[in-house]
Amino acid sequence: MNAIEISNLTKNYGEKQALAGLQMTVPVGAIYGFIGENGCGKSTTEKIICGLIHPTSGSIKLFGKDYTDAAVRSSIGVLIESPGCFPALTVWNNLMIQATNLSLPNKADAVREVLTLVRMEGAAGNKYKNCSLGMKQRVGIAMALLGQPKLLVLDEPINGLDADGMRIMREILVDVARKGTTVLISSHILGELEKVATHYGIMRHGKMVVEMTADELERSCPTFVALQTKDLATTKTVLEKQYKQVLTDEQQEFLRVYDAESAESVVKYLYAQGIIVTALKTDKIGLEEYYINLMARKEGK
Amino acid sequence: MKKLSSMLGVDFRRMMTSPLYYIMVGISLVMPVLILVMTTMMDGTVTVDPQTGVETVMEGFDNVWQIIGSVSGNSQSMSMGLTSMCNINLLFFVMSVFVCLFVGDDFRSGYVKNLFTVRAKKGDYVLSKTIACFFAGASMLVAFFVGAMFGGAIAGLPFTLDGVTAGNICLCLLAKIALVAIFVAIYILASVIAKQKLWLSLLLSMGIGMLMFMMIPLVTPLNAGLMHVLLSAVGGVLFSFGIGFGSKVILAKTSLV
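For the protein sequence lines, the chains are A and B, in the order given.
In case it helps, our numbering puts the first sequence at residues 1 to 301.
In case it helps, our numbering puts the second sequence at residues 302 to 558.
Bound-form chain A, shown alone:
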């Protein structure tokens, strides 16, 4: 069974079409990285899943049932844009409010449990408005985790977090997924997403461009040989005589050869041309590069 099944979902804001027949499948237990440029419809999709806005047409099933089903809806945890907390109240009171909304039997225990899960046991008495951005995001996650939801919908939860905050958030997501919760997470920080996601969905102009597992992404990402020489410009000219796909990396430090048989063959070729390789490595392109290339292809660049 899938946690989320969306077919032909459309959403129009007047003349503007935010979603144009979206198809999307999120398997149960997945950490689904939801990717796309700003305004492509990710947040709109998440808000529709959470029942916060109404779709124009299409169908959404959560765990095999219509998304409006009361039982299904009570098993969703959500963090969209910002945690829905009252600034003047303490972290504890904010969480107790949500625990009361969910009619949880042991509210205090449930709140303590989620605070432990997000490593915020010591900050329960802090007023929400006095929390740092990282802490606020964690309070939002804690709130979403109350009642042990089967589906967690997170919209840009790692934006603005420092390295430590991102690491903690990563650990939390892995912990949650290990316990069987399906996580739908949208983010522009693809490097971070790549470390936790088991599935990906890439959107563009209100449509799904591609859905794949982390393994499929791994197989789709080409290996390349990266090398350094004393004169990159000359080396590039020489390499282009032998290989079709030679590029300089973003930092202008390495030359990348994508269609080489092996690193050894590149080094031998350059040596024969009188060029000494000073540094050499083989690597794979990551999610970010895959995404950029995919978008460039879609735009016909």
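Just so you know, these hints were derived from the structure itself, not from any lab.
Predicted, not measured: the structure shown is a model, and the values here were computed from it.
The beta-carbon is built from N, C-alpha and C at its ideal position, and this holds for glycine as well.
Take the hints with a grain of salt, since some may be wrong.
Calculated from the model, a selection of chain B residues having no Cβ within reach of chain A, i.e. all distances over 12 Å [to be verified]:
| # | residue |
| --- | --- |
| 1 | D344 |
| 2 | D350 |
| 3 | Q352 |
| 4 | R409 |
| 5 | L499 |
| 6 | G508 |
| 7 | M511 |
Stretch-level coverage of chain A by chain B, calculated; a stretch enters the list once three of its residues show a Cβ under 8 Å from a Cβ in chain B [stated by the list, open to error]:
| # | segment |
| --- | --- |
| 8 | 80 to 87 |
| 9 | 92 to 105 |
| 10 | 180 to 189 |
Based on the hints, put chain B in the right spot on chain A.
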């Protein structure tokens, strides 16, 4: 029913743990003291316009209960003087600030996302907000009443009024409390229409509230009887359900974020 009681629990918990409620009740308590003491101090003061030479005599309250209401049939009940404007009915406007902040906070903080994602019923939400805000409005009226007695005592104003008994005054206050339901329902409707836009909810509340404002002294005279209370209560219930239904429909049909 369980969900409604949970929501009520949340609303009362929020109300009691945030300063807004206490500030509003505090203002309601202090306001009559200031009004009564200051108008009594200025009573009889003559000011002369230096350009026109026109003299204006400041008139204060003759009686403590004048700040709570006016006797029906008395022409002053519809007059626009200082003593008829600066009275308990002002609180019906102050309430709009409380309701707009209280309900608007749900939208501004994003709390509605957490609430409605887990399938809270819109009707329960409106009803819960109405009950909580009604309680707040009623407490403000009671605080004003208490403040009026303190203010009256400090200003040395008489507590007796011909044709008005203590029972009448209590019934007058009860009728006003019943009317709170109507105003609260209007302000909640304005708040769910405006959502995050506080300025719009205040503007709508004040605008619609102003239209209803003149009804208050007519329905709740100082010499009120049981019939006044009954009429106000029936009106309060009917209006708050009717307007509340409108709020529910707006919540159900429009985007919540």
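Hints violated by the structure (numbers, ascending):
4, 10
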